[in-house]
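Spelled out, the chains give:
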Amino acid sequence: DAKTTQPPSMDCAEGRAANLPCNHSTISGNEYVYWYRQIHSQGPQYIIHGLKNNETNEMASLIITEDRKSSTLILPHATLRDTAVYYCIVYDYKLSFGAGTTVTVRA
Amino acid sequence: DTGVSQNPRHKITKRGQNVTFRCDPISEHNRLYWYRQTLGQGPEFLTYFQNEAQLEKSRLLSDRFSAERPKGSFSTLEIQRTEQGDSAMYLCASSLASGGTNEKLFFGSGTQLSVL
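As you go down the protein sequences, you meet chains P and R in turn.
First residue of the first sequence? That's 1 in the numbering used here, and the numbers climb one at a time after it.
First residue of the second sequence? That's 1001 in the numbering used here, and the numbers climb one at a time after it.
Take the hints with a grain of salt, since some may be wrong.
Unchecked claim - Below, in silico cross-link-like pairs of lysine to any residue (SDA-like), each with a Cα-Cα straight-line distance of 25 Å or less:
#	chain 1	residue 1	chain 2	residue 2
1	R	K1057	P	G98
2	R	K1104	P	A107
3	R	K1104	P	R68
4	R	K1104	P	A13
5	R	K1104	P	E14
6	R	K1057	P	I74
7	P	K69	R	P1070
8	R	K1057	P	E55
9	P	K52	R	S1066
10	P	K3	R	P1070
11	R	K1104	P	T65
12	R	K1104	P	R106
13	P	K69	P	A107
14	P	K52	R	L1061
15	P	K94	R	Q1017
16	P	K94	R	G1016
17	P	K94	R	S1066
18	P	K94	R	R1081
The hints are simulated quantities; they were obtained by calculation from the structure and are not laboratory data.
Being a predicted model, the structure only gives us computed values, none of them experimental.
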C-alpha cells in the first residue's frame, strides 16, 4: 500500500519551475523517497531518489524536509514534454504506486 | 539502447482464452518485476524475481496467473482463462539490486491486454 499523499493534479506554466509536494509522515529511517513519472501510454520513468539529503540530477531536484515527513520534487524549467503523472514513492523493498499527481504544463 | 522490452505491445483476446506476455530485462539486471495498471490508477505490484527465484507474489496474483523467469533472463507472464477484469496494461521492470533499499527500476512500455 502507498505510504504517500500527493495532490491529484496541478498546472504549471511552460518555462516556470514546477514544485510537486509529497507527504510521507510514516516513513522509516532507512526508507528512500523515489520519484517516477509516467507519460501517457509509456511505462514509468525514474526521475530521482533520496534518503536524507537534497538531491539534484539533470532532470530534477529533490528537497526532503529535515524530519523526512515530506518532500518536494522541483522541475526547474517545465516544458510541455513534462506533462505526465508524477509518483512519489516510499521504497519498502518494492515500489508501491499511489494515484500520483497529474501535472499539466501549459504553453 | 537495450532497455526493457515487452512483447506484444497489444493483445486482444476472447474471454476464456489463455495469453502469455514476454519481458526481456536489461542485460545483467538480476531483479525483474511485473505490475498491472488499469486506467486512471497507478501500477499495482504483482510479483518479482531475484534471478530465477520468484520471491514475492501479490494477493492480486490469482491462481490463473503464473510467472516464470527461467535461467534468470527473460520472463513470461501467463494468464489462463482470461476474464474481462484482466483487461489492463501489464508492465515489466528490471533492476540491478545489491541489497538494501537503494534500487532503481527501469520499466518497459507494457503490454496492453483487452479481453472481449
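Hints and how they fare:
1. As the CA atoms of K1057 (chain R) and G98 (chain P) are separated by approximately 19 Å, the hinted pair is consistent with the 25 Å bound.
2. With a C-alpha separation of about 32 Å, the suggested pairing of K1104 (chain R) with A107 (chain P) is violated against the 25 Å cut-off.
3. Straight-line distance between C-alpha atoms of K1104 (chain R) and R68 (chain P) comes to about 20 Å, which keeps the hinted pair within the 25 Å bound.
4. With a C-alpha separation of about 29 Å, the suggested pair K1104 (chain R) and A13 (chain P) falls outside the 25 Å cut-off, and the hint is violated.
5. In summary, the hint linking K1104 (chain R) to E14 (chain P) is not supported, as the alpha carbons are separated by about 28 Å, beyond the 25 Å threshold.
6. Proposed proximity of K1057 (chain R) and I74 (chain P) is contradicted: the alpha carbons are some 34 Å apart, above 25 Å.
7. Between K69 (chain P) and P1070 (chain R) the alpha-carbon distance is near 41 Å, which puts this suggested pair outside the 25 Å criterion.
8. The straight-line distance between the Cα atoms of K1057 (chain R) and E55 (chain P) is roughly 32 Å, outside the 25 Å bound, and the hint therefore fails.
9. For the proposed pair K52 (chain P) and S1066 (chain R), the alpha carbon gap of about 38 Å is over 25 Å, so the pair is violated.
10. About 33 Å separates the Cα atoms of K3 (chain P) and P1070 (chain R), which puts this hinted pair outside 25 Å; it is violated.
11. Between the alpha carbons of K1104 (chain R) and T65 (chain P) the distance comes to roughly 22 Å, so the proposed pair stays at or under 25 Å and holds.
12. Of the supplied pair hints, the one linking K1104 (chain R) and R106 (chain P) is violated, its CA atoms being roughly 30 Å apart against a limit of 25 Å.
13. For a cut-off of 25 Å, the pair hint linking K69 (chain P) to A107 (chain P) is broken: about 33 Å separates their Cα positions.
14. A distance of roughly 34 Å separates the Cα atoms of K52 (chain P) and L1061 (chain R); the hinted pair therefore is violated under the 25 Å criterion.
15. Of the supplied pair hints, the one linking K94 (chain P) and Q1017 (chain R) is violated, its CA atoms being roughly 31 Å apart against a limit of 25 Å.
16. With a C-alpha separation of about 31 Å, the suggested pairing of K94 (chain P) with G1016 (chain R) is violated against the 25 Å cut-off.
17. Restraint check: the Cα-Cα separation between K94 (chain P) and S1066 (chain R) comes to about 19 Å, which is no more than 25 Å; the hinted pair holds.
18. Under the criterion of a C-alpha separation no larger than 25 Å, the hint pairing K94 (chain P) with R1081 (chain R) is inconsistent with the structure, at around 28 Å.
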